[in-house]
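2 protein chains.
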Amino acid sequence: MCGPIRGLLLALVVEFGTVVAFVSIPRLTWELGEVELMQFHEPGISNYSELLLNKYQDILYVGAQEAIFALNALNISQKQLEVHWKASDETKADCIEKGRSKEKECFNYVRVLQHLTYDTLYVCGTNAFKPTCDYVNKKSFKFLWSEQDGRGKCPFNPSHTYTSVMVDGELYAGTTYNFLGSEFIISRTYFSSHLRTESDIPWLHEPNFVHADVIRKTPSGYKSDENKVYFFFNEVSVEYDFFFQLKIPRIARVCVDDQGGQKILQNKWTSFLKAKLLCSQPDLGLIFNILKDAFVLRHPRSKEPVIYALFTPQLNNVGLSAVCTYALSTVEAVFSRGKYLQKFCVDSYPKWVIYHGEVPTPRPGMCINSETRAANYNSSLDLPDKTLLFVRDHPLIEESVTPIGNRPILVTKDVNYTQIVVDRTRALDKNFYDVMFIGTARGTLHKAVQLEKGMHIIEETQLFRNSEPVQNLLLSSKKGSKFVYASSNSGVVQVPLAFCRKHSSCEECVLARDPYCIWSPFKAACVAFSEALNCTR
Amino acid sequence: MCGPIRGLLLALVVEFGTVVAFVSIPRLTWELGEVELMQFHEPGISNYSELLLNKYQDILYVGAQEAIFALNALNISQKQLEVHWKASDETKADCIEKGRSKEKECFNYVRVLQHLTYDTLYVCGTNAFKPTCDYVNKKSFKFLWSEQDGRGKCPFNPSHTYTSVMVDGELYAGTTYNFLGSEFIISRTYFSSHLRTESDIPWLHEPNFVHADVIRKTPSGYKSDENKVYFFFNEVSVEYDFFFQLKIPRIARVCVDDQGGQKILQNKWTSFLKAKLLCSQPDLGLIFNILKDAFVLRHPRSKEPVIYALFTPQLNNVGLSAVCTYALSTVEAVFSRGKYLQKFCVDSYPKWVIYHGEVPTPRPGMCINSETRAANYNSSLDLPDKTLLFVRDHPLIEESVTPIGNRPILVTKDVNYTQIVVDRTRALDKNFYDVMFIGTARGTLHKAVQLEKGMHIIEETQLFRNSEPVQNLLLSSKKGSKFVYASSNSGVVQVPLAFCRKHSSCEECVLARDPYCIWSPFKAACVAFSEALNCTR
Chain A
926 MCGPIRGLLL
936 ALVVEFGTVV
946 AFVSIPRLTW
956 ELGEVELMQF
966 HEPGISNYSE
976 LLLNKYQDIL
986 YVGAQEAIFA
996 LNALNISQKQ
1006 LEVHWKASDE
1016 TKADCIEKGR
1026 SKEKECFNYV
1036 RVLQHLTYDT
1046 LYVCGTNAFK
1056 PTCDYVNKKS
1066 FKFLWSEQDG
1076 RGKCPFNPSH
1086 TYTSVMVDGE
1096 LYAGTTYNFL
1106 GSEFIISRTY
1116 FSSHLRTESD
1126 IPWLHEPNFV
1136 HADVIRKTPS
1146 GYKSDENKVY
1156 FFFNEVSVEY
1166 DFFFQLKIPR
1176 IARVCVDDQG
1186 GQKILQNKWT
1196 SFLKAKLLCS
1206 QPDLGLIFNI
1216 LKDAFVLRHP
1226 RSKEPVIYAL
1236 FTPQLNNVGL
1246 SAVCTYALST
1256 VEAVFSRGKY
1266 LQKFCVDSYP
1276 KWVIYHGEVP
1286 TPRPGMCINS
1296 ETRAANYNSS
1306 LDLPDKTLLF
1316 VRDHPLIEES
1326 VTPIGNRPIL
1336 VTKDVNYTQI
1346 VVDRTRALDK
1356 NFYDVMFIGT
1366 ARGTLHKAVQ
1376 LEKGMHIIEE
1386 TQLFRNSEPV
1396 QNLLLSSKKG
1406 SKFVYASSNS
1416 GVVQVPLAFC
1426 RKHSSCEECV
1436 LARDPYCIWS
1446 PFKAACVAFS
1456 EALNCTR
Chain B
926 MCGPIRGLLL
936 ALVVEFGTVV
946 AFVSIPRLTW
956 ELGEVELMQF
966 HEPGISNYSE
976 LLLNKYQDIL
986 YVGAQEAIFA
996 LNALNISQKQ
1006 LEVHWKASDE
1016 TKADCIEKGR
1026 SKEKECFNYV
1036 RVLQHLTYDT
1046 LYVCGTNAFK
1056 PTCDYVNKKS
1066 FKFLWSEQDG
1076 RGKCPFNPSH
1086 TYTSVMVDGE
1096 LYAGTTYNFL
1106 GSEFIISRTY
1116 FSSHLRTESD
1126 IPWLHEPNFV
1136 HADVIRKTPS
1146 GYKSDENKVY
1156 FFFNEVSVEY
1166 DFFFQLKIPR
1176 IARVCVDDQG
1186 GQKILQNKWT
1196 SFLKAKLLCS
1206 QPDLGLIFNI
1216 LKDAFVLRHP
1226 RSKEPVIYAL
1236 FTPQLNNVGL
1246 SAVCTYALST
1256 VEAVFSRGKY
1266 LQKFCVDSYP
1276 KWVIYHGEVP
1286 TPRPGMCINS
1296 ETRAANYNSS
1306 LDLPDKTLLF
1316 VRDHPLIEES
1326 VTPIGNRPIL
1336 VTKDVNYTQI
1346 VVDRTRALDK
1356 NFYDVMFIGT
1366 ARGTLHKAVQ
1376 LEKGMHIIEE
1386 TQLFRNSEPV
1396 QNLLLSSKKG
1406 SKFVYASSNS
1416 GVVQVPLAFC
1426 RKHSSCEECV
1436 LARDPYCIWS
1446 PFKAACVAFS
1456 EALNCTR
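Just so you know, the sequences run in chain order A and B.
Residue numbering for the first sequence follows the working numbering, starting at 926 and increasing by one per position.
Residue numbering for the second sequence follows the working numbering, starting at 926 and increasing by one per position.
Be aware that one or more of the hints could be misleading.
Repeated chains share a single entry, so a pair holds when one copy, or any two copies, can fit it.
[To be verified] In silico SDA-like links for lysine to any residue, alpha-carbon gap of 20 Å or less: (1) K1338 / L1209; (2) K1338 / G1210; (3) K1403 / N979; (4) K1407 / L978; (5) K1264 / F1169.
Don't read these hints as lab results, they were simulated from the structure.
Quick caveat: nothing in here was measured; it's all calculated off a predicted structure.
Work out the full structure: start from the sequences and follow the hints.
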């Protein structure tokens, strides 16, 4: 009964009958040592916060406390290059004098690590509360030492959240903007040219940034008029009143072609709009309003990218986490057709209500595109004052971005999730499965997949000793060498996407419900699906 | 080491060191049959919803579906009297014709059961969606058959919440007011005289009522000018905006001496004010906004009554419950000095903000007292229009009633609490202890006590088969015969406040940490504290 092509099909059949509200217990658990994991850790170095892959050369770059490493991406225990990047004694002394901790804060923590060109990395570090950026030659692994002010690209305080993405040589960053961490910015930097969020009429309310990504309509490298950068963050609610300060998960987007305004919104985004990311289940009173991480899943076979977002509740959180997914078209519909919120003051209390008046043309916050060009607006610099003034005062769209299926695809109890990456893979039944790899606050990795009868946590793998939280995840989905790289305060771990060989019988192989695995009667072993294809052909 | 006077003292010493956030696991659990519990159940009768005690004659009155019983309060398995009270065939037919369920709804469910006089009970029932009230002679246990319209005193729908309290022969009730259950009322009825809440400018927003009680400044029977009736309920928030409809726990109060207004607020309360009952722990993100039950603890030794309130969260409730306590003086300060909320409309959206204008004299919503009398307002009928108009438009106080210690005294996980009663008892160490008896949704009773090092759930007792929820609790704190009576859909159970004799050794007796129990070396048994006092004297 347990032939080669029955793997996942049978798994679907034996799946339990009803959709459960909470999926918490992984079917299999691998403790440390039970499965082979490559590791990297450099004595004396901590805070392995940044991971960057060069998939053509199989190099994993790692940014840590005062150091950057280049590792063999196929075996990260093999260090290839390293460079140290310390804050100067003078900068450190200044940091300590300003009351910051000598033991923890007054170091240079790498916070931006991006490919600038084929042979150059762009890196920023907190540099003992004096953020600095620089270039690293990928071959020599040496700094150019053309130190640049890192303000607006990198936080001052290593404990502050931040995000960045490099698009066509321009750095898009979301971070705190001053020493105290009381100012916030979403910026774009390209040598000496800057674009930023408006701060006088604040567009951001105590945000913490979790992710940023670019979504292109056309292949990378070609500058389309519809390339957009999306920022994911939480901020303090302006539109709700609550018992106490309520946090709201947001998605914001800016256009890659934005040049700022001519007089109004000079050097500011003319295309900044934000909306609420909804992840709730009102019938159960579940409301997940703290965004922990986001991942944009692109696949040649899918008609549009899907956003996977990881949440936890702010309220009554006794160990709940959830994953909601969003179609990019839903996000775009909200930004391009949603109503704007407008601030009124009632007896000096602000109240944000739907704006019902006339909306200027071109629609405020939209990218320059063929339509605006037809109306002779060829650049954001040409946009009329009315549109720009409206953008300045109405950064928030009333409509929420609702999840696919209007509810979370996964809700778990008694585990705190921290990071997510998602791989789309084709299984034996010729269907595509989205496999989620989710890092936890206790140093493990959950692997979850949506099967026909509901969400299923296939396995949990212990990655770090001492239950250290997973701080960063990076997926390498290169054919033939797929890995998840996970980092924590103490090191980096390289995890294969599946441990098929650990399932020793056909039944175990099938019951594992792992779309990557298949039972091979030829080898009498549970093997990777790709491997099985090779051997049966 | 285990002498007679060491019971609770030792218990305090061995109490664990730190205050835990969640107290969930009872130290002892008594399954059905393990302890002796008197029971009452009449074949064919269900929904034992109302409990009323005559402590002078040791009678427990029980109101159920189409029947009222008088039981021996010292042993409720001894039925003394009963009377059946069915909806007429005509009324039932009418109920069924209106689309209500023949099997469940079109019966007469007793919902009000109160002492009217020494020899008369006042009872109301849903009467197949045609609420009716009547009098029952306590001796003959027969109806007077002077059927009165029960509208405004008793709900139409047996599944709707309700509460009532009898004060000096006047019935105070909180209930739904129409067939559909879309109108709500807090009323007072005294023969043909009625007083009620304003409905045009609604003072109540989809409330569900959980409790009502009178608090007198002077001994019962003497009509003071400061006797007040307090209502406890949840209603839909007007003051907050949230992702979805937010419920708010409220305390409202009216004055016993209220006569309504002369022209404005004629036959309406002139003394109705409501405020939010706060039960939250912002540092942990815990917010308990669904009030399940309340209990007013009075004790000759305490300077003021204390309100015990049982909560559960509306949001992300995966089995959380909490108890908060409130000092009556805090409640009174909110009503007598708090700022009023005022409704504004912003672009047709209502927004409630603090009223900063001039407040009329006498202060709106206050009882007639010596101060108002000095200003020649001897009755609410004398109150000036300005005060009454202000009362009509400002029923809600901005300030919240904050709990003692600013946080819950008990937070539990994985159990849903339904009902609470509290007994104050003196233990061996001469201190008074408030012992909470809390009914659960799985048919058990928790007994919890605040010890020096934190809250402690002493024991859990299974009361009902099939894990039926505890629907009602009544405490008899008569000296020498203290019991908790618990009712469910299927019957009534009588529970002694302690099972001292079940602790078979001195150590067990001490470790039970039960303030009612003490080890008696004379009897070589764990005995009730009162019993021990008798035998040592």
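Up to 20 Å between alpha-carbons, please classify K1264 paired with F1169: within, between, both or neither. Intra 27 Å, inter 19 Å, cutoff 20 Å: inter-copy only.
Checking K1338 and L1209: alpha-carbon separation at most 20 Å within a copy, between copies, both or neither? both (14 Å within a copy, 17 Å between copies)
Within, between, both or neither: K1338, G1210 at alpha-carbon 20 Å: both (15 Å within a copy, 17 Å between copies)
At most 20 Å between alpha carbons: which applies to K1407 and L978, within, between, both or neither? within (12 Å within a copy, 73 Å between copies)
Go through the copies and call it for K1403 and N979: within, between, both or neither, with a Cα cutoff of 20 Å. Classified as within: same-chain Cα gap 11 Å, cross-chain 80 Å, threshold 20 Å.
Checked against the numbered hints given earlier, the structure satisfies every one of them.
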